[in-house]
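Undergrad: So the chains spell out like this:
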Amino acid sequence: MSLDTATVRRIAALARIRLEAAEVERMQTELNDILGWIEQLQAVDTAGVEPMAGAGAVALRMREDVVTDGGIAPRVLANAPDREGEYFGVPKVVE
Amino acid sequence: MHPTDFTLAGAAEALHEGLISSVELTQAHLDAIAALNPRLNAFLAVTAEAALREAAASDARRKRGEARPLEGLPIANKDLFCTEGVATTAASRILAGFIPPYESTVTAQLRRDGAVFLGKLNCDEFAMGSSNTTSAFGPVENPWRRGNDPDARLVPGGSSGGSAAAVAARLALAATATDTGGSIRQPAAFCGIAGIKPTYGRCSRFGIVAFASSLDQAGPVARTVEDCAVLLRSMAGFDPKDSTSADVPVPDFARACGRGVKGLRIGVPREYRLDGTPPEIAALWEQGLQWLRAEGAETVEISLPHTKYALPTYYIVAPAEASSNLARYDGVRFGLRETAAGSDLRDLYERTRAAGFGAEVKRRILIGTYVLSAGYYDAYYLQAQKIRALIKRDFDEAFGRVDAIVTPATPSAAFGMDEKQDDPVTMYLNDVFTVTANLAGLPGLAVPAGLDHQGLPLGLQVIGRAFDEETVFAVGGAIERAANFRALPAIRAGVG
Chain X
0 MSLDTATVRR IAALARIRLE AAEVERMQTE LNDILGWIEQ LQAVDTAGVE
50 PMAGAGAVAL RMREDVVTDG GIAPRVLANA PDREGEYFGV PKVVE
Chain R
0 MHPTDFTLAG AAEALHEGLI SSVELTQAHL DAIAALNPRL NAFLAVTAEA
50 ALREAAASDA RRKRGEARPL EGLPIANKDL FCTEGVATTA ASRILAGFIP
100 PYESTVTAQL RRDGAVFLGK LNCDEFAMGS SNTTSAFGPV ENPWRRGNDP
150 DARLVPGGSS GGSAAAVAAR LALAATATDT GGSIRQPAAF CGIAGIKPTY
200 GRCSRFGIVA FASSLDQAGP VARTVEDCAV LLRSMAGFDP KDSTSADVPV
250 PDFARACGRG VKGLRIGVPR EYRLDGTPPE IAALWEQGLQ WLRAEGAETV
300 EISLPHTKYA LPTYYIVAPA EASSNLARYD GVRFGLRETA AGSDLRDLYE
350 RTRAAGFGAE VKRRILIGTY VLSAGYYDAY YLQAQKIRAL IKRDFDEAFG
400 RVDAIVTPAT PSAAFGMDEK QDDPVTMYLN DVFTVTANLA GLPGLAVPAG
450 LDHQGLPLGL QVIGRAFDEE TVFAVGGAIE RAANFRALPA IRAGVG
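Just so you know, the sequences run in chain order X and R. Residue 89 in numbering that gives the first Met the number 0 is what sits at position 90 of the first sequence, and the numbering runs on without skipping anything. Residue 80 in numbering that gives the first Met the number 0 is what sits at position 81 of the second sequence, and the numbering runs on without skipping anything.
For reference, chain R alone in the conformation it holds in the complex (with noise of 0.2 Å):
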C-alpha cells in the first residue's frame, strides 16, 4: 500500500502499531505533491522543511509515549487560515508579503492535537467562488476526468477548491477548509470526498481571513466521514477570541459515525426538487434515502417553503458583510500599496484596492456596498435579513418533526473549466442546495455517494439541528457505508 493511500484514521493507527513514520509519511506526501501539484495547482506554499522537522519531532515524542491525537499525520491548512511566520494570501494580490504575526485558533487547536502542516492551499480569492478559477495564483484542476472526454480540464468547486482537490488526488491525508454558503461541501462533492460544514460557532473564527463573518465557519475536507469527524473534534471548542464561538462541550463526533440510522426520521424537503435537476442527481438523491430506510430510518416529505429565496438572500447578505470586511485592505497597515506620483491618501486606497481585488470579489464589494448605501438599506438589507429568519423558521419547524435532512449536494457534478464563466448568476446557482445551511447556521455534510454517467463523482447532503453534528455523522456513516464509493481519480499520488 502506498503511504498516500491511508486515511487519516487509518495512517494514526499505521503510526501507533509503528508500521510506518510520521517522517516516512510526510515525505511520501511531498513527493507526491512535487510530482502533480504543478499540474493541480491545488499547494500556493509548500513548507517542506518545517514539515519533516515537525515530523521528526513527533516521531521522537512518539517515542517518548506522549502520542496527541493527530500526533504526525500530515495535514495543509487553506491559505485563509493565518499561519504564524508563514504566508497568508486569501488567494488575493492585496495580501501580498503578508506574514501573520499570530496563528488562527483553528490551526493552533490543530498542532495542539499533533498534526504536521504540509503547506498552504489555493482557494478563490477571499472564498469568493464556486470554481477555484477567481484564484489570484491559477485556478485548481480537478483531479477526476470525465470518462467520456478525458482531455477537458474540469474544476475541483470552489471556494476550498485546493483542500478538496489536493485531498482527493492524495496530497495530504485531510485538510482544513471553510464554508461561507457551500465552499466545503460544494468542492467535496465535485472531488468525490466528504466534508462538513459545522454548526455556526464551534469552530472558532480568529485568525481566518473574513468574507461574511455571519455566515463562515470553518470545517474539515477528508476522504472519509470518520476522518471529518476526526478532525473536526481538533478543531472545534469554545474560543473568547472570537465573539460568535459557542461555548459548548465538544463530542467525540467519531463515535457517532458509526452509531446507525435505526429509528431516526429523515426530512425530504420538496423544494430541492428543482427543474432542471439531472434525472441522476433525483435518482441517486432516492437511492440514498432507500439506502436509510433499509437500515431502519423513516423518510418524512417536508417543505422548506422560503428555499427559493436562499441564494438572492445570501447575495445580499455576503456582499454587505464582504464589503465591511474587506475595507481593512486599504494598502496602510499590510499587503499591497498602489500609488502613482502625486498620490494622496484616497487615491492611494483607490488604486491599492483597484489593483488588489479581482473581478469577482470587486463585484461583490459593490453589490454589498449598493445595498448598505443610504436609501436602499431597507429595501435590500434589511428585507434579506428578515427572509433569512423565514429560512431559519422553515428549518426549525421541520426539526420539530425529523431528526436530519438528505439532499443532494450539488446541482450538477464538476464542470469544465471554461465552462459557467460568463454570467456571475449562473455560477451563483452552485451553491443552491448548499447555502440554506450557512443562512440557517446549521451543519452541513457532504458524502460521496456515486458517480454519473461521464463518471465524476457526485455527493449527498446532510443537514442536521444546530449543535447536533452527531446525528449529522450517523446519517452520513450510514450512507457512506451504504454507498461503498471505491472510484478513484485520475490523478492521484502513486499511480504511474
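Extracted from the complex, chain X is given alone in its bound form (with noise of 0.2 Å):
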C-alpha cells in the first residue's frame, strides 16, 4: 500500500504538523519507504491470538476514588507560554 501526497497532506493534518509543499514529497518517500517495510506483517498467520496492549501485568491496580492531587494552579502554570489569570492563553477561538 503507498501513501499519496493528499494522503500524507490528510496524516500530517489529523497529527498538527504543518508540513510545508516542498517537504511532502520527501516525508511521502520517507513514509512509504518505512510502510513497504512493515507490509510483511500482513504475511504472519495471527488467526486466534489475543493482541497484546502492554508488556506489564494484565490487569491494572484499582485505587481508592479519592482526590490525591490540585490545588497547584501557580505550579501547573509556570511553565505555560501565555496566561490569563488561572487560565492558558490561546488565541481567541469563539468569535
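The set of hints was computed from the structure by calculation and includes no laboratory data. It is possible that part of the hints are untrue.
Stated by the list, open to error - Here are the simulated lysine to any residue pairs, SDA-like style, with alpha carbons at most 20 Å apart:
(1) R:391 / X:52
(2) R:307 / X:36
(3) R:240 / X:36
(4) R:62 / R:110
Dock chain to chain to rebuild the complex, using the hints, since each chain is given by itself in its own frame.
TA: Here you go:
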C-alpha cells in the first residue's frame, strides 16, 4: 500500500504538524519506505491470537476514588507560554 | 589513580575509607566535563554549583555517620528524566524553556540514596534514534577511535548516547538512561560499557518524558556489571504514581553478580544468526558461550521463530504510542509556541509542532497517526499487537527450557557519524537484537566482551525471565570476568 501526497497531507493534518509544500514529497518517500518494510507483517498468521497491549501485568491496579493531588495552579501554569489569571492563554476560539 | 577512574563501587569504598571526599570526586568529574564536553557534547547542562553543594553536604553527612547507599557518588541523568527546577529538554526544541515543577521517581530515589547529580545528558530527540544524531542540540561523539582510521568521528549509539559516552569517557561514574527498543544496550555496547534495561515495570516511568509507554523502561549504564546492579537497586521499586509499576520486592542485585553460572542452562537462539553479521561478532558470541560452558553452564540451541518480525512490529507499536504521547506538545501548556499574524488555535498547534519537532520525530508521529487512523487500525496496529503476543509466547516457551539467553548486543560496532543517515530503515536495523526484550517486557543486559578488528568495543547481551534480573546479572558477571575487558577509549578524563 502506497501513500499518495493527499494522504500524507491528511495524516499531517490529523497529527497537527504543518508540512510545507516542499516537504510533502520527501516525507511521502520516507513514509512509503517504512510502510513498505512493515508490510511483511501482513503475511503472519495471527488467527486466534489475542492482541498484546502492554508488557506489564494483564490487569491494572484499582485504587480508592479519592483526590490525591490538586490546588497547585501556579505550578501547573509556571511553564505556560501565555496565561490569563489562572488559565492558559490561547488565540480566540469563538467569535 | 585519577579519581575519575574509580568504578562506582570502588568510589563508594574509597569514600567510606576516607581516601577521597565527595567534593574532590565531584570536582574531578566537573573538571573532566569542562575539558572534554566541548568535544563530546555528552552533557546538555552541567549543574556544577549544585553538585558541589550537594557533595559538601554529603561529606558532612558522612562525618555524622549517616552515609546512604550512593552517598556522595557523582552521576548524571539522561535529559529525559524530569528534574525539579532544572531544565529538561528530551533533546527537543519543543521543550524549550521547560523547567519541571516536579522530580521523576527514579531521580528522586537516587537523591534519596545520596547520589550527587552532575547534570543532564544528551540523547536522541524524544529517545527516537540509534546514533544520537537526532538531538536538537547536536550529535554526541563516541570517545572511542578506530585504530585504522583515527580521524573518523563515530556515533556513541542511541538513544542514550550522552549517557554511554559520558560514562565511557569518565565524565561521570555512572548514568541513568532509558530503553524503548535498545536505547540502553546498543549505546553501552558501542561505548564499551555495561547497561541494563530491567523488566518492564521494575522502574517507575513517572516523570520520564514518554516515548512509547508500553515499551519504555529506565535503567543504568556504568563501567561494570556490578555498578549497574548497585544503581538499579536504587532506581527500582514500586511507585503508585505509575499504573504499570510492579509491586514486587527489589533484591540486592549486586549480590547476584558473583553468583556464577554453574548448572545454568543458557539459550542460544538460532534466529539471531543473521546473514550479513560480521564474522567477528559471530565469533565473539561463540567465545562468550564457551566462557559460560567453562564455568559450568550448559548451552542449548533454542528457537524464537517470530524474531524476524520484531523490528517491523516495533515500528508500528512504538510510533503509534508516540503519536498519542506526543500530542501533549501543543504550544499551550509548556515549551515552545509558534504563531504567525492571525494564527487561530489550530494554526498555533501546527506551526508549533512543525517548528518544535525534528525530522525523525515527525516521521514517527506521522507513521503512528497513519497506523491508528480509521480503516488502517486493524491491518497495522492490531496485527502488530498480535505478533507482539507471538514474540512473547516464543520467549515463554524458551524460558521453559533455559534460565537465560545470550546473544550479540548489536549487529555491528560503532559507525561513523555520516554513515547510515540516508535511509531510516537502515538505521532501525541497529536494534535487531535488542528490540525483542522490549516487546516481551524482559530484562536485557549489555556487557562489553571484546574488540573488533578496528579496535572498537563489541558487547554481548543477556536476556532473562521477567523479574529475574539476578540471573541476568549472574550471567553478565561471568561473561565480564572471563572477557576481562580492559581496553580504554582514546578520549577520556585523566589522559594528556
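Undergrad: Look at each hint and say if it fits the structure.
TA: Tested hints:
1. R:391 / X:52: 12 Å, holds
2. R:307 / X:36: Holds, because 12 Å separates the two Cα atoms, which is no more than 20 Å.
3. R:240 / X:36: 37 Å, violated
4. R:62 / R:110: At roughly 18 Å apart (the allowed maximum being 20 Å), residue 110 of chain R and residue 62 of chain R satisfy the hint.
The earlier numbered hint that this structure contradicts is number 3, and it is the only one.
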